[in-house]
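Respectively, the protein sequence lines represent chains A and F. Taking UniProt numbering, the leading residue of the first sequence gets 1, the next gets one more, and so forth. Taking UniProt numbering, the leading residue of the second sequence gets 1, the next gets one more, and so forth.
Think of the hints as simulated: they come from the structure by calculation, not from any bench. Quick caveat, the model's predicted, so the values are computed rather than measured. Every residue, glycine too, gets a C-beta built ideally from N, C-alpha and C. Careful, some of the hints might be misleading.
[To be verified] Among chain A residues calculated to face chain F with C-beta under 7 angstroms, some are: (1) MET309; (2) SER312; (3) ASN314.
[As the list claims (entries may be wrong)] With a straight-line cut-off of 25 angstroms between C-alpha atoms, the simulated DSS-like cross-links for lysine-lysine are: (4) A:LYS417 <-> A:LYS364; (5) F:LYS70 <-> A:LYS95; (6) A:LYS327 <-> A:LYS417; (7) F:LYS122 <-> A:LYS16; (8) F:LYS456 <-> F:LYS302; (9) F:LYS577 <-> A:LYS16; (10) A:LYS16 <-> F:LYS502; (11) F:LYS281 <-> F:LYS302; (12) F:LYS122 <-> A:LYS110; (13) F:LYS70 <-> A:LYS176; (14) F:LYS458 <-> F:LYS433; (15) F:LYS577 <-> A:LYS176; (16) A:LYS235 <-> F:LYS456; (17) F:LYS278 <-> F:LYS302; (18) A:LYS16 <-> A:LYS110; (19) F:LYS566 <-> A:LYS176; (20) F:LYS458 <-> F:LYS577; (21) A:LYS176 <-> F:LYS433; (22) F:LYS330 <-> F:LYS367; (23) F:LYS330 <-> F:LYS302; (24) A:LYS235 <-> A:LYS95; (25) F:LYS433 <-> A:LYS273; (26) A:LYS417 <-> A:LYS396; (27) A:LYS326 <-> F:LYS577.
[To be verified] What follows is a set of in silico ranges between Cβ atoms, one per label pair, in the way DEER data are often shown: (28) A:SER400 <-> F:ARG306: 29 to 39 angstroms; (29) F:LEU140 <-> A:ILE276: 35 to 45 angstroms; (30) F:ASN197 <-> A:ASP75: 48 to 58 angstroms; (31) A:MET310 <-> F:GLU448: 28 to 38 angstroms; (32) A:THR202 <-> F:MET259: 22 to 32 angstroms.
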Amino acid sequence: MTAMEADGPVRKAALKRILARRGPFTDEAYVPGPEVYDFLSGMKILVIGAGGLGCEILKNLALSGFTDIHVIDMDTIDISNLNRQFLFRQSDVGKSKAIVAAEFIMKRVKGVTITPYFGKIQDKDEDYYSQFGIVICGLDSVEARRWINATLVNMVDINNPESLKPLIDGGTEGFKGQSRVILPTITSCYECSLEMLGKQQTFPMCTIANTPRLPEHCVEWASVLEWPRVFKDKKLDNDNPEHVQWLFDTALRRSREFNISGVTYSLTQGVAKNIIPAIASTNAIIAASCCNEALKIATTCSPYMNNYMMYSGNDSIYTYTFEYEKKDDCPVCGNLASDFEANPEWTLEDLMERLPDSQQVRTKTPSLRTAERNLYLQSPPQLEEATRPNLSKKLKELVSNGQEVSITDPGLPFSVKLRLLY
Amino acid sequence: MIKQHPVGHNNTSPPITTATSSILDDNAVSDQPSETPSTPLAGVAEQFATMLQVDAEQPSTPHVLTARDKKYDRQLRLWAANGQAALEEAHVLLLTASAAGAEILKNLVLPGTGAFTIADDKLVTEDDIDANFFLNDSSLGQPRAVKVTEFLQELNTDSMGHSQILNLRELDGVDSSYWESFSLVIAHQIRPSILMNVAKVLWDKKIPLVLSNSIGFYGYLRIVIPEHTVVESHPDSTVDLRLDCPWPELEHFADAINMDALDEIDHAHVPYVVILLKYLKQWKAEHGGSPPSIYAEKNQFKDLIRSGIRSSDPENFDEAIAAVLRATQKTTVPITSVLNDPRAQNLHENSTKFWILARAAADFVAKEGNLPLSGTLPDMKADSLRYIALQTVYRNKAVRDRDWVKQRVAELLSALDRPTDAILDDEIETFCKFSRYIVVIDGRSLEEEYNPETAKAKLILSGLREENGLMPIYLGFRAVEIFEERNERFPGSLENTEDDAKNLESIALEIVKSLGGDSLGESASQVLKEFVRAGSGELHNISSLLGGFGAQEVVKLITRQYVPMKNTVVFDGIQSKSEVWEL
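Pulled out of the complex, with its shape left as it was, chain F reads as follows (with noise of 0.2 angstroms):
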């Protein structure tokens, strides 16, 4: 079913080896110089030929994955060697060796996360074997950290498993010296009076501090951290053609091609980036130098280069017409706000990685306009010759101001008496890249949220309101929290639970009053029911969601890259639905 081309290459290909000869025999890997194809573009690419050179790359040889490559093959796809090693340097701390926790552990264990420490004082009860899969009923009476650490290490021999019996109650007395030996902590329903010194500690260090908690069919999660900055935040795309403002060699490129002298073929396989070029000069020069911006502009416009079809496959005009939207929009830089950072443009001693490359970028664009470009062409329709050199065109471009970004980090961090490689050629490369993708999140400490005067009581009162919206969980969870800290129980734990249910609902109550509000609501009311009835009890499912949830921030929070949320996450495990809030 293939079909013939005529502007085929199906035979320069050398012969590689035959049908008897062992696909191991070295000889197989023939080293045969390639034929030049010969086609009617040719004459197009010559003009371009000095930039058709491919990196150097050397003969293969057999690839040797080491069992490490193959291990982590499926996420090395996700966040490649640096988020692996990334990883594979941190060393995370889980106060509380609960169910959730260790389904948190679990998921970062099995990646490779390089180190655990288990903190916690208890002995490990039925409720506990009954919740956690990492635990037995062997386990029984046992330290319910050591018992935990010793089933994760069973799952990966490359995460080294910690524990240590520690007073969870008696956090403040723990030497704010002993949190740095930690990239990160998670905290499982642990008071927040007993946690509010401890997030100061970790606040202060900059140590990220992930809390979670698990009722019933509610779970919660919260990122308790000053500043993440991401460069890598993995967008969809990193597509940025620059039709508006083509540089000198871009435009150089479209007017080689004369449009008219093609033959239907090779008219047919013109890439959609050089016809949107073309159209654009044309119509420009017919309006007085703008592009088309009003709608009906841009049906003219599509019109216009519709009128240029020749061929009865006209994939690539079609490619056009569809690109017409984004082709005629202004290229802006879409993150000011971070290049006019103070933290950016003062930049001092303790001045991060990641703000002297976004003062790099806002000085190339106070030169430029523009920021850096990525120099991604996508895949469209071409004949490979043309394709190739136009995607030359952009990646010189993104060399030529990637080198320009290069000396100015070189400028900047010697006049920070740094070395100048102190910043590597790679994270500058990768900056470039993703400089318009790059995500700046200042959080909000625990003390800010808890206490009343900077808590975000409009966006809480409202949502208590919302029609089956969840922040009626985030209030019961809060809620929570006061009754056991004032009865040292759950509510919901005895038989009866009627004044367990009266007395959460004022606690709700207080909390609503000292944000301002005056009232429950019929929802919030039902959920803190809902809570009551749980007692303190974990069910499985929950927790091994949040324990899907928290690895998944944690392993973003490590490898800065993708974008965790900001900064507290709540799923209602009845209507099966989640909501993220910045409280």
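So that you can see chain A by itself, here it is in the shape it has in the complex (with noise of 0.2 angstroms):
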């Protein structure tokens, strides 16, 4: 590439002249040059996720001097991810996403390595994420987000400033979305911000299985209740359109008997898989936005985010620009238990229910225990079966007010700690 530039053309030359300018918000310290192109073309840099926003992402950094990018994505490519998902073509439906997007950017853009790998997140160990400068995310998972933004949190050694990995983070919805810069230990990570995640639409087990009011209870009921009772030993697989259909069927006629109207197949796919809609132009937006910040923070030629940018499109265009503030108490980054009002009266499984739509918790699968004894423990087997009796005793039995309780789950690096308070 030096050689094509010394006698060719000069390529990337209008980044290359605002790497070279010193602008009026640049930072005192910048020392403008061809080094800090050299720099930002040597510097490793992960994108994890190859979907909507990843697509955008690979696109976007291949363009803006990145020359050495990894991608990790565990998904293949399904037929409804072609209206946004632009490195992929109805023939590569059932390959790997990392693999075919890696490919195709690196056809299209001279001089851009890309690495893929087709695979979880969590196979990789902090010696594998150590190697990257930056991070970004484009993920539609509130786990995988927490796994990474605890292990890069985890990873920092105050007296190894290389050590801190920034984390850039995007996710979007329909026509909203959100893109934030994270400093691990430095600014607020991901976990201190988890209550602005929107409330989860969860039915009431009771209104599901009683008093059915929506379309969406009937879905409910056929895909929760209904399935494992006919189905007894067969798993629901809502990719599989034969089952899709059984549940479409199955509400229906729940519909009919309640005299609910509005069951749709549409829907019953939207409920059963959870679907969240999604359209290319709001992760370009989003994308771009992210990608913008990985250049500002790689080469610091303009100051970067601080911290949280939030837009919506709905109606005009809006964008909101804050920084949200660290907290002490985040399981992650803090030192501190978190507060949590309980009824002393409840019990344990009382208490377990409440923990999949708390704010500060959000887990599935909790094991719970104080500094002196198990609560309950998902598994080993044998020690679920020795802390299963405490589940239909009281809390006040169990833990005295003020009290903290450790909360682990097999799907976070962390441990979440909660004081009780009756």
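Can you join these two chains into the complex? Each is in its own frame, and there are hints to help.
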């Protein structure tokens, strides 16, 4: 590439020009020049997710001077991805997103290397993550974000500045989205802002079982209650059209029984798979914002975002950029337990039923313990059996007012500490 | 962990199929009649039995999703089949095959916009390839319009791509009928002096024009359209309960439920709408017919409701208390300016469907004092029977209101000598459902914006003085346009930038003075330096972001769903902020 530049036209001229000049808002310590570009093109950057945001992110980085890009995605390509995931074609359906995306970009953009990994982020260890200068996430999973966030926070070694990996996170839903910059241990982290997530749409079990009112209640009845009852050992696969058809038929019958209108195939699919609407334009906006921050962080050619931008496009174009503050009681980057109001008359099971919806916890399979004893452990089986009797005991018999309960979940690489207040 | 519920219908569902039968077995789809659930509330519901007739849906047959349904599923959940149909009928023209232009088109081709045309006469350079994903090294030296069209076409065979070699500096010479084949025109970084006449032609033909520009960390987008109307604005909620003015059937429904006679479980399942109606009636009777109005009264009213709680699970009463503020608000007609608009009041042969519908709604309001009811009932703690019965009361009223509007629309159409089915029933239903949230945007022309006599001078000048505001970026784009026109190059494109910086600053000052201002301000002069730093350089991230903004607004304009911005947006990639103004 250097040889070509010497003889031929200068490539990436527009980017190089900006990097070669100090701007009015550039930090005083910035030293403009060709070294900045070389540093940028030598930096290893990791992209997590090769879906709607990931395709955009890979394209943007490749056209922003990054040349050593890695990408992780465990998913394969589905036909419903094609309305926005522009690196994939009909003939790619069923193949690895990470591999197809990497090949496409390398074919299109000269001088860029993309190293794909078709698998889970949890397959990789700290050694792997420590090779990157920046990590960008374009994920639709809260659990995966919590995992990578906690992993990067844990990796910070105060004596080694290199161990701090900026994490840039994007997310979209329909016409809305957000992008943010996380400097682990310095700014607020993903876990600090967990309460920003909208409340998950969950329906009380007694409504589903006894008093359905909405078409959604009928679909939940079909998938949560009827499927396991009818097909005892067969796992429901929401991607299997035969299974979805069965859910639709069953939900429709349920709805007629209760005179509820509005059960359609599309609604059944949406509720059963928890489908989130997604369009190309919102992904483009959020991914571009993430990559713009990556470029600024990698080069320091302009100040980067501090630290959160919310975006909404339903009504006009609206962004709100603000500093999300770090929390002392953040289970990942803080050191205090957070308060949780409980009723001493609740059973341990009552408490556990509230955890999946609790803003601080949000875990599906929690194990609980205090400093003195195991309250309930999901595994191994012998300990599960030993702690099971506690489920029906009242909280006041197990935990004293103000005592800390530590909650772990196989999906999370950290524990959440709650101080129970009666 | 399922809680047992005493009012259960657990055992009422017929056995559907056995674990051994294949779920594809046709027999598995049982047609057994469902049993009538029997609960203590059945008596209440019987009174409304005639209402409880759900649309006669046919038994389901295996659902066949087309490849198209599957491919577009995630967007159909936002703009539905009618929005998609509008998109598939559209033909979008892009003037200038730039990176930002290609990114806008990318986000329109992917969701299946019917056709696009790219017009440009430049040949592909290295700079183009570096910034534009829809070119590669093999494109060098070839016509830009042709190559970008080819690469975009690969994204979606449902979208038909065309390219035209057109000299964008001579757009004035294009026959005005040329524009009529397009539903919308996008123009990237074209001088206003060239664009002004085209903009006028498009304005007169009511064809939306979207302008974009991308320089360094700054992005700009402007929508030019004389009038845009939206029925499906997709508000967060269309709930309209009318608790302050219940119609007879709703009152009757509430009266028929005798709370005192209910056992604890039924009492805890009375829908909060009924609770509110009952206590409001009681309150009014005790307060000379007026509802709680001042803050203290509303608190007293909440206490009154609270006093009725009997069960240990008072979720329905909690919902009622939480809804007191909304329930005691008078139901208003929020869109009177639209209903009184001369375009609704003085219909003529060219009136659009929207204004005919608006006129029918205005006539409905004149008769009833309120807009047609949306008929939407939010979910609330209730047993199925009473919830559905109550929902039916709301829906029946919505149907009656809608039928009146349909009748009126037919009369209006006849008076205009148009067929009475020129507006479909579906369209009338949608209009009635969203009538509280309809939107009319009266745009401003490019001419009005650029002429100092009609420009929004006050808005611009005060914006320039705002701390960290983005108006300086708007001024910067305007100044760069003039600089480029005078010098045939962009500021900052030479090695020495100082002269350009001074020159650009004096141009910006000319603009400010023409608007009645006297100085630039510190923030504006810094932003101008940032423009000079970039030269004409396009940063891909900013162009890609504009591609998102632009496509999103185009989709809104074409589908007539959601609300477009009025009318200019600027993105600042340094502060990571955007701002919208009506200029």
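Against the structure, the hints come out as follows:
no. : hint                                      : verdict
1   : MET309                                    : 5 angstroms, holds
2   : SER312                                    : 11 angstroms, violated
3   : ASN314                                    : 5 angstroms, holds
4   : A:LYS417 <-> A:LYS364                     : 16 angstroms, holds
5   : F:LYS70 <-> A:LYS95                       : 17 angstroms, holds
6   : A:LYS327 <-> A:LYS417                     : 14 angstroms, holds
7   : F:LYS122 <-> A:LYS16                      : 23 angstroms, holds
8   : F:LYS456 <-> F:LYS302                     : 48 angstroms, violated
9   : F:LYS577 <-> A:LYS16                      : 24 angstroms, holds
10  : A:LYS16 <-> F:LYS502                      : 23 angstroms, holds
11  : F:LYS281 <-> F:LYS302                     : 14 angstroms, holds
12  : F:LYS122 <-> A:LYS110                     : 22 angstroms, holds
13  : F:LYS70 <-> A:LYS176                      : 22 angstroms, holds
14  : F:LYS458 <-> F:LYS433                     : 39 angstroms, violated
15  : F:LYS577 <-> A:LYS176                     : 15 angstroms, holds
16  : A:LYS235 <-> F:LYS456                     : 63 angstroms, violated
17  : F:LYS278 <-> F:LYS302                     : 13 angstroms, holds
18  : A:LYS16 <-> A:LYS110                      : 17 angstroms, holds
19  : F:LYS566 <-> A:LYS176                     : 18 angstroms, holds
20  : F:LYS458 <-> F:LYS577                     : 22 angstroms, holds
21  : A:LYS176 <-> F:LYS433                     : 24 angstroms, holds
22  : F:LYS330 <-> F:LYS367                     : 18 angstroms, holds
23  : F:LYS330 <-> F:LYS302                     : 17 angstroms, holds
24  : A:LYS235 <-> A:LYS95                      : 24 angstroms, holds
25  : F:LYS433 <-> A:LYS273                     : 28 angstroms, violated
26  : A:LYS417 <-> A:LYS396                     : 18 angstroms, holds
27  : A:LYS326 <-> F:LYS577                     : 21 angstroms, holds
28  : A:SER400 <-> F:ARG306: 29 to 39 angstroms : 33 angstroms, holds
29  : F:LEU140 <-> A:ILE276: 35 to 45 angstroms : 41 angstroms, holds
30  : F:ASN197 <-> A:ASP75: 48 to 58 angstroms  : 50 angstroms, holds
31  : A:MET310 <-> F:GLU448: 28 to 38 angstroms : 32 angstroms, holds
32  : A:THR202 <-> F:MET259: 22 to 32 angstroms : 29 angstroms, holds
The structure fails hints 2, 8, 14, 16, 25 (numbered hints given earlier, in ascending order).
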